[in-house]
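Participant: From first to last, the protein sequence lines stand for chains A and B.
Quick note on this note's numbering: the first sequence kicks off at 5 and runs consecutively.
Quick note on this note's numbering: the second sequence kicks off at 19 and runs consecutively.
Because the hints were derived from the structure by calculation, they are not lab data.
All C-beta atoms, glycine included, are put in the ideal place defined by N, C-alpha and C.
Worth double-checking, as some hints may not be accurate.
What the hints assert, rightly or not - Listed next, the stretches of chain A that the computed footprint assigns to chain B, with coverage defined by at least 3 CB atoms under 8 Å from CB atoms of chain B:
#	stretch
1	43-57
2	95-108
What the hints assert, rightly or not - Cut-off 25 Å, straight-line C-alpha distance, at most; resulting in silico cross-link-like pairs (SDA-like, lysine to any residue):
#	chain 1	residue 1	chain 2	residue 2
3	A	K39	B	H87
4	A	K76	B	L305
5	A	K39	A	A136
6	A	K76	B	S229
7	A	K111	A	H137
8	A	K76	A	Y110
9	B	K177	A	S85
10	B	K177	A	L144
11	B	K86	A	A119
12	B	K257	B	N289
13	B	K177	A	V40
14	A	K77	B	P271
15	B	K371	B	D278
16	A	K77	A	R145
17	A	K76	A	L144
18	A	K77	B	R354
19	A	K77	B	R308
20	A	K111	A	A73
21	B	K86	A	A36
22	A	K77	B	E270
23	A	K39	B	P115
24	A	K76	B	P271
25	B	K177	A	Q81
26	B	K177	A	R63
27	B	K177	A	Y59
28	B	K86	A	R49
29	A	K76	A	K133
30	A	K77	B	A381
31	B	K177	A	Q42
Said to hold, decoys possible - Distance windows between CB atoms, simulated:
#	chain 1	residue 1	chain 2	residue 2	range
32	A	R145	B	Y352	35 to 45 Å
33	B	A58	A	R140	39 to 49 Å
34	A	R145	B	K177	16 to 26 Å
35	A	S45	B	F113	18 to 28 Å
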Amino acid sequence: MSKIAATAVLVTLLAATRPVSAAEQLVLIVSADSKVEQLDSLEVRKLFLGLTVTYNGDRLRPVLDEADARVKKIFLQNIVSMSDTTYDRSVLRLTLIQGQIKPIAYKDIAQLINAVIADPTAVSYAWAKDVAHDSRIKILRVLWYD
Amino acid sequence: MPHFYLREILLCVALSLPWANVAHAQHDHSSSDFEVFVAAEAFHGSQQTRLGDADPWIDADVVFGLTKHQFRVFGEYYITPDERDLERFQMGFEFVPETVLWFGRFHQPASAWNTEHHHGQYLQTDITRPYIERWEDEHGIIPQHITGALFESRHSMGKDGAVQISGGVGAAPALSDRALEAIDLIGDNPGRHRLSVTGRLAYLPQYVGASSMGLLYGHDDLSVSSARTLASLQSNAAKLSLYGAYIDWMAEPWRVVAADYYVDVALTEINRNESFNSGYLQVERQLPRRFTIFGRLEDSARMQESRYVALFNDADGDIEIALRRQALGVRWDYTRRQALTFELSHIVSLTQKSNELRAQWSAAIP
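Could you build the full structure based on these sequences and the hints that come with them?
Facilitator: Right, here's the structure in full:
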């Protein structure tokens, strides 16, 4: 009985002291030079669906993180709320309807970070662990966590 | 198919490769994009001696756009073995987000189907478009390409919804020999284009969603530019007034698209009016493994009595005007941006009944 109680105490202590893992947070990011301070969920959804979103007069540019399949899945489920096929067709449809520009996609996280750093109007998302210690990146908010 | 056209289509595909999802994001705040929608179709039809004018065996729809600050330039170039047209070319200014004033040649906003799919076959779940929505060069009876100014705006309404307003004013097509003839931006224009006013008022339950429903209006003053048409119509002008309503509702895995049009035709010289109705209902259902099944019903009233509608029937071995159609099909998106579609339909036209079987490969590149 005491063995079970000791194990329970240990598990509780470990759970309590374990820091929230940065690897399990998907965050919304911009360049540290960006004027953007905050974007609400609707603005983020509009942006990644190819609609025009401006901040202080600057037109923002969506940058897709396709570096890992899990990020893409979370993006589709939690940010645009669409299946992969429906999202792809929605973005293509905007191109066909209004000549809207499709979001740029990066399959390499280093390239994505460099692209965001280089463009103060770029908005993207990434695992917190990949950007938390990069002073050139500004984290706007947590989009998803586990 | 002449090699010239094959080369042209391949050139478009090749051109698209270096642009693959580049959408340049440079510091000059300009962005550009390039997309090619390609489709190839096989056809078998009873009671028809040839493939319809709306059914090229291969086509490519090249779409390009450029955005710089609030300015936009956008074009759509459509290529088939028989046709090469700059279908749309628009220059616009976006006053505020999602409010754009365009100048150029555009698709009139009173078409429920064409403003959604344009010429890109890949984005259309089915293979055929409803007969009432056909383009002018497919013997379509409603003017679709207008050259002038187009205003488009979307505003938030309520918590999540939006209202969308589109209005177009410009030069309507002329009524030539068995077809409407829109202004051609890169070819010859015989003139005789009069005023077109078209509009749409739509409600979107979600600002960024795919569903919408709304009202459609169009008024086109069509001048007759062919002696044969003048003789058939006994009038040198026809004024078309269109009133319509539509719904395009998506609740995955279901999608419902329906539209109904009432068209009034005033023949000015003989002081005669005629009218007809045409509408359709399409239901789509996504299935596992990226299959989608769809069915469409098209129906009409008084079209067979219309002297105006009869103008477009040239008895050349295909079906130009359908009074009714039932279509059923399946689409398989077997890989990213490529799909195979099969469609079976039964058509009652002005002169005959017919069954059709079509198979299509369609893709978006890159």
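Participant: Indicate, hint by hint, whether the structure satisfies it.
Facilitator: Against the structure, the hints come out as follows:
1. Here's how the stretch 43-57 of chain A fares: 7 of its residues keep a CB closer than 8 Å to some CB of chain B, so the rule of at least three is met and the hint holds.
2. Using a Cβ-Cβ cut-off of 8 Å, 12 residues of the stretch 95-108 of chain A lie near chain B, which meets the minimum of three, so the contact claim holds.
3. With a C-alpha separation of about 17 Å, the suggested pairing of K39/A with H87/B holds against the 25 Å cut-off.
4. Simply put, K76/A and L305/B have alpha-carbon atoms about 22 Å apart, close enough for the 25 Å limit, and the pair holds.
5. Taking the CA atoms of K39/A and A136/A, the gap is about 19 Å. The hint holds against a cut of 25 Å.
6. Proximity of K76/A to S229/B is assessed by CA-CA distance (about 24 Å); at most 25 Å being required, the pair is judged to hold.
7. With a C-alpha separation of about 21 Å, the suggested pair K111/A and H137/A falls inside the 25 Å cut-off, and the hint holds.
8. For the proposed pair K76/A and Y110/A, the alpha carbon gap of about 11 Å is at most 25 Å, so the pair holds.
9. The suggested pairing of K177/B with S85/A holds, with an alpha-carbon distance near 17 Å, which does not exceed 25 Å.
10. For the hint linking K177/B to L144/A, the alpha-carbon distance of about 24 Å falls within 25 Å, and the restraint holds.
11. Note on K86/B and A119/A: the hinted pairing holds, with a Cα-Cα distance of about 19 Å set against a maximum of 25 Å.
12. Of the supplied pair hints, the one linking K257/B and N289/B holds, its CA atoms being roughly 11 Å apart against a limit of 25 Å.
13. For the hint pairing K177/B with V40/A, the CA-to-CA distance comes to about 24 Å; that is within 25 Å, so the pair holds.
14. As the CA atoms of K77/A and P271/B are separated by approximately 18 Å, the hinted pair is consistent with the 25 Å bound.
15. Simply put, K371/B and D278/B have alpha-carbon atoms about 23 Å apart, close enough for the 25 Å limit, and the pair holds.
16. Proximity of K77/A to R145/A is assessed by CA-CA distance (about 19 Å); at most 25 Å being required, the pair is judged to hold.
17. Taken as a hint, the K76/A and L144/A pair is honoured in the structure, with Cα atoms around 19 Å apart against an allowance of 25 Å.
18. For the hint pairing K77/A with R354/B, the CA-to-CA distance comes to about 16 Å; that is within 25 Å, so the pair holds.
19. Straight-line distance between C-alpha atoms of K77/A and R308/B comes to about 17 Å, which keeps the hinted pair within the 25 Å bound.
20. Simply put, K111/A and A73/A have alpha-carbon atoms about 10 Å apart, close enough for the 25 Å limit, and the pair holds.
21. A threshold of 25 Å between alpha carbons decides the hint, and for K86/B with A36/A the separation of about 24 Å falls inside it, so the pair holds.
22. With a CA separation close to 17 Å, the supplied pair K77/A and E270/B stays within the 25 Å bound.
23. In summary, the hint linking K39/A to P115/B is supported, as the alpha carbons are separated by about 18 Å, within the 25 Å threshold.
24. Restraint check: the Cα-Cα separation between K76/A and P271/B comes to about 20 Å, which is no more than 25 Å; the hinted pair holds.
25. Distance check on the hinted pair: K177/B and Q81/A sit about 21 Å apart at the alpha-carbon level, within 25 Å; holds.
26. Using a Cα cut-off of 25 Å, the hinted pair K177/B and R63/A holds, with the two alpha carbons roughly 24 Å apart.
27. Straight-line distance between C-alpha atoms of K177/B and Y59/A comes to about 21 Å, which keeps the hinted pair within the 25 Å bound.
28. Between K86/B and R49/A, the direct Cα distance comes to roughly 22 Å. Compliance with the 25 Å bound is thereby established for this hinted pair.
29. Only pairs whose Cα atoms come within 25 Å are accepted, and K76/A paired with K133/A is accepted, the gap being roughly 16 Å.
30. Between K77/A and A381/B the alpha-carbon distance is near 23 Å, which keeps this suggested pair within the 25 Å criterion.
31. With a C-alpha separation of about 20 Å, the suggested pairing of K177/B with Q42/A holds against the 25 Å cut-off.
32. A hinted range of 35 to 45 Å holds for the C-beta pair R145/A and Y352/B, which are about 38 Å apart.
33. Separated by about 48 Å at the C-beta atoms, A58/B and R140/A satisfy the suggested range of 39 to 49 Å.
34. Between R145/A and K177/B the Cβ separation comes to about 21 Å, which falls inside the hinted range of 16 to 26 Å.
35. Restraint check, S45/A to F113/B: a C-beta distance of roughly 25 Å satisfies the suggested window 18 to 28 Å.
Consistency note: the structure conflicts with none of the earlier hints.
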